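K.L.:
Protein chains in written order, with full-length UniProt numbering: chain A, 1 to 81; chain B, 1 to 81.
If you're looking for bench data, these hints aren't it; they were derived computationally from the structure.
Each hint should be verified, as a subset may be incorrect.
For identical chains, the list gives no copy identity; a pair is met inside one copy or between any two copies.
[Stated by the list, open to error] Here are the computed lysine to aspartate or glutamate pairs in the EDC-like style, where the Cα-Cα straight-line distance is at most 20 Å:
#1 Lys-54 with Asp-68
#2 Lys-54 with Glu-39
#3 Lys-20 with Asp-66
#4 Lys-19 with Asp-66
#5 Lys-19 with Glu-39
#6 Lys-20 with Glu-39
#7 Lys-26 with Glu-71
#8 Lys-26 with Glu-7
#9 Lys-31 with Glu-9
#10 Lys-63 with Glu-7
Since the model is a prediction, treat every value here as computed from it, not as a measurement.
Number of protein chains: 2
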Amino acid sequence: MFFQLPEEEVTKVFGRNLKKLRLQRKLSMDKLARMADMELSQIYRIENGRVNAKLTTIAALGKALDIDPNELLKIPNLPHD
Amino acid sequence: MFFQLPEEEVTKVFGRNLKKLRLQRKLSMDKLARMADMELSQIYRIENGRVNAKLTTIAALGKALDIDPNELLKIPNLPHD
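Throw the hints in and build the complete structure from the sequences for me.
P.N.:
What follows is the structure, given as structure tokens:
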């Protein structure tokens, strides 16, 4: 469950989810940035887990991607370690 | 849908959800603050919609309350206007 992740994993997993959802929709970082009224550099840093995004930024991204919070804040299915 | 809220409503609705969930669990602000390793003043400001919480803060609160993202980031049922 996403909220149970160690703090240092939260931004990384969020970034990976964002990238996956963006690519599923065949959107470039630049296109998503324009849809969410953000800078491309911010999308890049969030996808790389280097930004601890604020709630309104998360909402702007979720709105642009037209998804539920549970789709963006989730632990993806991973192959077995 | 939470992500569709106007930006100025996002922090307000989030704060109201947090307060409701905290009270359902019969937790004081002080108790929740200690559970989430935060300052009481931060809980207070978030519940009042005056803080744009960061992702790791949202996760710490969600972890303390043991809930899903969709429970914390949702539009509550309101009486008809």
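K.L.:
Against this structure, judge whether each hint is valid.
P.N.:
Hints, verified against the model:
1. Taking identical chains as interchangeable, the C-alpha atoms of Lys-54 and Asp-68 lie at most 20 Å apart whether they share a chain (17 Å) or sit on different chains (18 Å).
2. In the homo-oligomer, the alpha carbons of Lys-54 and Glu-39 lie at most 20 Å apart both inside one protomer (14 Å) and across protomers (18 Å), since each shortest distance falls under that limit.
3. When the C-alpha separation of Lys-20 and Asp-66 is checked against a cutoff of 20 Å, the pair qualifies only within one copy, where the shortest distance is 14 Å, while the shortest distance between copies is 26 Å.
4. Taking the shortest alpha-carbon separations for Lys-19 and Asp-66, only the intra-copy value of 14 Å comes in at or below 20 Å, while the best inter-copy value is 26 Å.
5. In this assembly of identical chains, the alpha carbons of Lys-19 and Glu-39 lie at most 20 Å apart only when taken from the same copy (15 Å versus 33 Å across copies).
6. When the C-alpha separation of Lys-20 and Glu-39 is checked against a cutoff of 20 Å, the pair qualifies only within one copy, where the shortest distance is 19 Å, while the shortest distance between copies is 34 Å.
7. Within a single copy, Lys-26 and Glu-71 get their C-alpha atoms as close as 17 Å, which meets the 20 Å cut-off; across copies the closest is 29 Å, which misses it.
8. Taking the closest pair of Cα atoms, Lys-26 and Glu-7 never come within 20 Å of each other, the shortest separation being 30 Å inside a single copy and 25 Å across copies.
9. Proximity of Lys-31 to Glu-9 under the C-alpha cut-off of 20 Å is found in neither arrangement, the shortest distances being 26 Å within a copy and 25 Å between copies.
10. In this homomeric assembly, Lys-63 and Glu-7 come within 20 Å of each other (Cα to Cα) only across copies, at 10 Å, whereas the closest approach inside a single copy is 25 Å.
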